[in-house]
Amino acid sequence: MKYLEDAVVVSNREIRPGIWSMWLRSPQICAATLPGQFVHVKVDASLTPLLRRPLSIGRVHGDQLELVWRVVGTGTDMLTDVRPGVTLNLLGPLGQPFTREVNASHRVLVGGGLGLPPLVYLYEWFREHDLPVTLHLGVSGRADIPLAEDDPLLNEIEITAENGEGFRKGLVTEPVLEQLQALETDGSLGSTALYSCGPWGLVNALQRTIPHSQLKLAEVSLEQQMGCGVGVCQGCAVIVEGGDTPYQLVCSDGPVFPLAAVHPPGVA
Amino acid sequence: MKYLEDAVVVSNREIRPGIWSMWLRSPQICAATLPGQFVHVKVDASLTPLLRRPLSIGRVHGDQLELVWRVVGTGTDMLTDVRPGVTLNLLGPLGQPFTREVNASHRVLVGGGLGLPPLVYLYEWFREHDLPVTLHLGVSGRADIPLAEDDPLLNEIEITAENGEGFRKGLVTEPVLEQLQALETDGSLGSTALYSCGPWGLVNALQRTIPHSQLKLAEVSLEQQMGCGVGVCQGCAVIVEGGDTPYQLVCSDGPVFPLAAVHPPGVA
Amino acid sequence: MTATASPDLSVILGSLSLHNPLLAASGCFGYGTEYDDVADRDNLGGFITKSISLAPWKGNDPPRLTEVSPGLLNSIGLANMGVEKFANEVAPQIVTGKSKAIVSVACKVMEEYEEVVALLEDVEGIAGYELNISCPNVKEGGMAFCLNPNITEELVARVRKRTNRWITTKLTPNMTSVSQGALASEAGGADAVSLINTLVGMAVDWKSRRPKLATITGGYSGPPIKPVALAKVWEVWNAVKIPIIGIGGITNWKDVVEFMIVGASAVQIGTALYADPNLPGQIAADLREYMRNEGVGSLSELTGSLKTDRGAMVGVPA
Amino acid sequence: MTATASPDLSVILGSLSLHNPLLAASGCFGYGTEYDDVADRDNLGGFITKSISLAPWKGNDPPRLTEVSPGLLNSIGLANMGVEKFANEVAPQIVTGKSKAIVSVACKVMEEYEEVVALLEDVEGIAGYELNISCPNVKEGGMAFCLNPNITEELVARVRKRTNRWITTKLTPNMTSVSQGALASEAGGADAVSLINTLVGMAVDWKSRRPKLATITGGYSGPPIKPVALAKVWEVWNAVKIPIIGIGGITNWKDVVEFMIVGASAVQIGTALYADPNLPGQIAADLREYMRNEGVGSLSELTGSLKTDRGAMVGVPA
Ligand SMILES: Cc1cc2nc3c(=O)[nH]c(=O)nc-3n(C[C@H](O)[C@H](O)[C@H](O)COP(=O)(O)OP(=O)(O)OC[C@H]3O[C@@H](n4cnc5c(N)ncnc54)[C@H](O)[C@@H]3O)c2cc1C
Ligand SMILES: Cc1cc2nc3c(=O)[nH]c(=O)nc-3n(C[C@H](O)[C@H](O)[C@H](O)COP(=O)(O)OP(=O)(O)OC[C@H]3O[C@@H](n4cnc5c(N)ncnc54)[C@H](O)[C@@H]3O)c2cc1C
Ligand SMILES: Cc1cc2nc3c(=O)[nH]c(=O)nc-3n(C[C@H](O)[C@H](O)[C@H](O)COP(=O)(O)O)c2cc1C
Ligand SMILES: Cc1cc2nc3c(=O)[nH]c(=O)nc-3n(C[C@H](O)[C@H](O)[C@H](O)COP(=O)(O)O)c2cc1C
Ligand code: FES
Ligand code: FES
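Protein chains in written order, with my numbering: chain A, 1 to 268; chain B, 1 to 268; chain C, 1 to 318; chain D, 1 to 318.
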């Protein structure tokens with residue numbers, strides 16, 4: 001069930017330069033959603049922007065959910081002006097959630113930059129269900145971490161930063177591969193599930209380096225420009241192998257797809 | 001000489017419901033302008049509104065000028081949000097001023113509603129030059145007077161209100177005709193100049209009722225949708241008799257025209 | 001959100017009557033059920049399905065959408081499930097309720113239009129067909145059918161022979177004379193014409209020097225195309241006798257009234273639905289208030305009521 | 001406001017060279033001198049005068065302008081002083097300075113185009129002519145010349161015989177194939193083509209049920225027409241070899257770069273000048289900064305540089 005809900009903004013703050021976190025009270029959507037889904041946000045009552053903007057559902061605590069975004073254009077910029085107490089119209093929850101592998105022996109979550117929010121939700125979901133899970137985050141530096149400096153998660157997850165800056169220095173694929181090798185060594189690779197979300201560079205690196213076929217499951221959450229958000233406009237197609245056509249819709253077939261099946265747009 | 005001047009907003013307040021007065025420091029334009037001219041205001045740096053908005057120059061005191069407007073749409077509404085200290089880009093002074101008849105025995109100024117501002121400027125100009133002048137204002141009620149309740153002019157000018165409300169009750173044409181009759185009686189009608197600005201209803205009533213041919217001068221200031229404001233786009237044509245074509249441009253031939261020569265748009 | 005039932009908003013378009021003049025435009029309301037969770041379909045007088053072809057179509061390469069504020073460019077390319085799946089799995093669900101289901105048909109060759117319509121004739125409850133002969137985003141067929149009035153007439157006439165149901169032709173603004181297309185549709189036996197489909201448009205990224213759509217050009221929709229659409233509806237109103245369905249950039253009740261004044265008997269709402277799938281319900285309520293406030297007895301009196309006598313045309317008061 | 005002189009912004013359009021690619025569009029810069037008080041004409045590579053006809057034209061009835069946010073509808077109807085007054089009184093003042101004066105010519109019959117050009121040949125310093133065959137706001141002539149490629153070609157060829165000066169033809173987007181008009185211009189001997197003129201559009205007042213322009217329909221300009229203009233320039237770039245001057249909705253340097261990427265060698269700025277007559281100076285400065293930042297050696301390398309290889313077209317990163 002999808003809802004059109006006027007969610008009340010509870011808080012809105014800049015957690016890193018250009019990265020914002022907003023909590024909204026949205027009881028219907030919170031009750032219905034699962035990790036990996038997103039909301040389609042009516043940024044403003046005016047015609048600018050014309051379309052809604054898709055944002056992943058980050059953490060869900062009770063009847064409140066978190067949105068975390070980077071300011072990249074008009075819509076994400078206008079969201080920074082929204083004050084607590086006002087309502088934002090949300091359409092959601094939308095899309096297919098991650099496969100919540102409860103029978104795996106381990107779960108490896110790999111986020112790149114602003115790909116983190118849906119994985120944080122998935123991470124907390126697994127933790128709540130007492131299921132072993134590791135969350136890796138790759139960023140270029142501290143300023144890119146989509147978590148506030150006072151966020152307890154900051155010390156709980158594995159952060160790799162290209163610039164170091166007190167974190168493991170390098171690319172996030174390195175600790176991920178190490179972990180997968182360790183899991184292979186102790187014989188549990190075949191019961192391991194991998195979940196990822198991030199820029200195409202990361203997605204592609206994972207596609208090239210991880211031992212897909214030996215994993216129990218490897219999923220990725222994709223982005224694409226969206227019109228409707230509900231499968232109506234056919235606008236959010238991406239190239240994904242294994243369907244009736246070369247294309248699948250991010251909003252309704254996805255955003256979660258098998259990692260091995262996805263292609264960057266234009267590289268069919 | 002016209003200027004493009006970034007004028008600093010000195011004050012901006014709502015003087016009647018939906019009617020605003022703004023004072024701006026605009027030294028170049030103030031030094032160059034004469035009563036009857038207008039400025040073309042860049043309401044906002046964005047594309048909304050796309051065009052500038054023409055507003056009559058109201059009072060000019062030193063290097064400051066006053067704009068008085070009624071909120072009727074996007075542009076005039078956005079102007080109400082402008083705070084003191086910011087700058088507004090003005091193009092001006094534009095248009096042909098009223099003929100400042102210094103040799104007349106008397107000057108009768110007739111404003112209807114928001115037609116008042118340019119006449120206030122003209123009124124003060126005549127007063128400064130110690131020339132006899134009467135300023136009539138016609139409104140439907142007190143709420144339509146484009147002067148603040150604390151404006152000294154309020155007690156100096158002749159106000160006629162359709163609803164009475166403490167003013168002479170009726171149409172402004174009545175006291176105007178009375179005054180013209182009195183001037184006729186004392187033989188000075190032929191040396192009287194009349195200046196007007198207001199809705200077409202008023203303009204038309206004056207055209208029908210006053211003894212044009214016996215006056216020394218009768219002028220009216222017109223409005224029309226404007227593009228450029230400087231005679232470039234040919235967009236602000238109105239129908240005025242006596243030129244090479246049936247049309248004249250409000251921005252550059254006008255806004256001041258002979259009262260007897262103007263026609264409402266579409267009634268050629 | 002459901003508006004009170006009075007005044008009556010119904011309109012009649014030849015053999016088709018609608019409880020209100022608001023239709024969802026093709027491509028902007030899916031196959032009819034996708035918004036059911038969040039919007040009451042009955043707030044619409046009717047809806048046009050995504051264009052249906054004979055075989056399923058995969059559509060164009062992504063990216064297929066880009067916003068050009070405050071409008072939209074799309075290059076979907078009529079991606080759809082094909083008539084068979086549509087007739088069997090979807091159609092039965094959409095022919096219920098107050099809102100009339102009109103199926104948009106788009107094909108590459110004339111015979112296919114006849115075939116698709118023939119197949120749909122078996123589905124009970126379909127109120128009519130919109131022949132999409134104006135899509136700018138497909139290589140074969142599409143807009144080409146509309147650009148040639150002879151082909152338009154023949155195509156409509158051939159489909160006319162296959163069905164007694166109501167037919168409207170969807171016309172393109174990307175031609176010199178849209179009224180030729182409308183006249184050809186009328187001559188071919190169409191019950192109405194729908195206009196406009198999208199304008200051909202393009203967007204480029206200055207930095208990468210790449211087009212923003214994989215197909216380079218796409219179809220332009222949304223508020224910026226309204227002035228063009230109004231002019232086309234007015235042009236066609238002066239050319240044909242059959243009812244006109246106005247389309248292009250509608251976002252509120254005033255837009256609807258404006259389209260009707262220049263000649264439309266009903267309207268379609270497209271892009272704006274993505275922002276607010278409940279918009280038709282809101283507009284219906286607003287139209288009722290408008291009728292009450294302005295003393296409009298029936299919406300049909302708006303159609304073509306533009307006052308063009310110069311004598312009384314007063315632009316702005318001085 | 002005057003930008004530093006480096007990098008060099010000059011462009012070459014056949015026999016016409018401009019110190020920068022920014023031209024003021026016809027009808028948006030008057031006869032050339034009106035903005036002199038407030039804007040330095042030399043910030044423009046050149047300017048196109050208001051269209052000049054043989055006899056003076058009075059233009060259409062008011063109202064002639066209405067804003068349709070964020071665009072403009074006009075129905076000026078080519079009001080102008082006629083060639084005689086223009087040649088005697090105005091032309092001598094505008095042929096001075098760095099900015100090239102190009103005279104727009106618009107007539108009702110072919111012979112008049114020849115006559116006007118012949119009269120202007122006597123004025124020294126005019127850099128060229130823009131043949132306006134695309135005005136949607138006049139009853140006779142105007143757009144009709146452009147809609148028929150045979151007429152376009154003949155007209156250009158006839159004017160070509162009268163002058164050795166640079167000629168560009170101003171084309172309309174209100175036709176099925178603007179590239180036919182461009183090809184016809186090229187065949188007739190034009191040195192360049194200018195596009196687009198305004199789109200036919202309309203606006204209505206819902207309350208009074210009156211059109212907002214006395215002529216009912218008018219010409220639509222400003223930012224909303226940019227996607228259409230880009231598509232037309234791209235279409236023509238793929239059809240002709242002569243330089244293209246891109247026009248439509250330009251308000252900043254990015255727009256200029258986009259038009260050049262899709263095929264323009266220079267651009268014209270129209271409606272935006274009303275908001276800011278100093279815009280060309282600002283854009284010239286911004287273009288210099290762009291060239292420095294992006295390492296663009298010459299603006300001419302932008303022309304037609306659109307990358308259309310699908311292989312590397314990545315829309316949005318995941
Ligand atoms: C399922 C999904 C979940 C997302 N979750 C997040 C999130 O949690 N945090 C976050 O920061 N961003 C997220 N994004 C990306 C986010 O939607 C875009 O950054 C945002 O739409 C940009 O809007 P804008 O107006 O600021 O930018 P503009 O540049 O003004 O946008 C112009 C157009 O491009 C579209 N667009 C631009 N970038 C993207 C993109 N990457 N993906 C989809 N559409 C895009 C916009 O919707 C708009 O139509 C998500 C995207 C999708 C599809
Ligand atoms: C020379 C001149 C002097 C003026 N002086 C004053 C003044 O001192 N005080 C005042 O309140 N108003 C004055 N006006 C009218 C004022 O310009 C309009 O009310 C204003 O432009 C409306 O803008 P908007 O965006 O609020 O309305 P919108 O309805 O959003 O405007 C839409 C379009 O119509 C135009 N427009 C609408 N009404 C008028 C009008 N009456 N005249 C010209 N263009 C119009 C706007 O410029 C715009 O292009 C004057 C007009 C002119 C021509
Ligand atoms: C994403 C998208 C897909 C569309 N698909 C179709 C279609 O399949 N068939 C069709 O006839 N029109 C299609 N259209 C055109 C619309 O039906 C409508 O004619 C156009 O968008 C103008 O209306 P609007 O401005 O209200 O959107 C589509 C439009 C959009 C934006
Ligand atoms: C008020 C107005 C008057 C115009 N007059 C002319 C004209 O005389 N001759 C001409 O070729 N184009 C004329 N145009 C069209 C412009 O030159 C230009 O092609 C069009 O406005 C699109 O550019 P823009 O979006 O930058 O304004 C006029 C445009 C406007 C807005
Ligand atoms: S956004 Fe419309 S189909 Fe996915
Ligand atoms: S406003 Fe442009 S000519 Fe008057």
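Among the hints, erroneous ones may be present.
Claimed, not checked - As a list, the in silico SDA-like pairs of lysine to any residue whose alpha-carbon atoms are at most 20 Å apart: (1) A:Lys42 <-> C:Ile216; (2) C:Lys207 <-> D:Trp253; (3) C:Lys139 <-> D:Ala239; (4) C:Lys241 <-> C:Gly14; (5) D:Lys307 <-> C:Ile216; (6) C:Lys139 <-> C:Lys207; (7) C:Lys254 <-> D:Trp206; (8) B:Lys42 <-> D:Asp36; (9) D:Lys98 <-> D:Arg165; (10) D:Lys307 <-> C:Gln282; (11) D:Lys85 <-> B:Thr245; (12) D:Lys85 <-> D:Val38; (13) D:Lys58 <-> B:Ile239; (14) D:Lys161 <-> D:Trp206.
If you're looking for bench data, these hints aren't it; they were derived computationally from the structure.
These numbers were taken from a predicted model, which means no experiment stands behind them.
* CA of lysine 254 of chain C to CA of tryptophan 206 of chain D, is that 20 Å or under? -> Holds, because 6 Å separates the two Cα atoms, which is no more than 20 Å.
* Are the Cα atoms of lysine 307 of chain D and glutamine 282 of chain C separated by 20 Å or less? -> Distance ~44 Å between lysine 307 of chain D and glutamine 282 of chain C Cα, so the pair is violated.
* Asked: Does lysine 241 of chain C pair with glycine 14 of chain C here, judged by a C-alpha cut-off of 20 Å?
  -> 11 Å, holds
* Regarding the pair lysine 42 of chain B and aspartate 36 of chain D, is the alpha-carbon distance no greater than 20 Å? -> 19 Å, holds
* Please work out if lysine 85 of chain D and threonine 245 of chain B have their alpha carbons no farther apart than 20 Å. => Roughly 15 Å between the alpha carbons, so the hint for lysine 85 of chain D and threonine 245 of chain B holds.
* **lysine 139 of chain C paired with alanine 239 of chain D [C-alpha distance capped at 20 Å]** => Holds. Lysine 139 of chain C to alanine 239 of chain D sits at ~18 Å (cutoff 20 Å).
* Take a quick look at whether lysine 42 of chain A and isoleucine 216 of chain C sit within 20 Å of each other, Cα to Cα. => It is violated: about 28 Å lies between the C-alpha atoms, which goes past 20 Å.
* Are the Cα atoms of lysine 85 of chain D and valine 38 of chain D separated by 20 Å or less? -> 25 Å, violated
* Quickly compare the C-alpha distance for lysine 207 of chain C and tryptophan 253 of chain D to 20 Å and report which way the hint goes. => 12 Å, holds
* To do: Measure nothing beyond the straight line between the CA atoms of lysine 307 of chain D and isoleucine 216 of chain C; if it is 20 Å or shorter, mark the hint as holding.
  => Given pair lysine 307 of chain D, isoleucine 216 of chain C holds - Cα atoms ~10 Å apart, limit 20 Å.
* Distance restraint between lysine 161 of chain D and tryptophan 206 of chain D, which requires alpha-carbon spacing of 20 Å or less -> The hint is violated at about 51 Å.
* **Given pair status - isoleucine 239 of chain B, lysine 58 of chain D, alpha carbons within 20 Å** => 11 Å, holds
Consistency with the previously given hints fails for numbers 1, 6, 10, 12, 14, ordered from lowest to highest.
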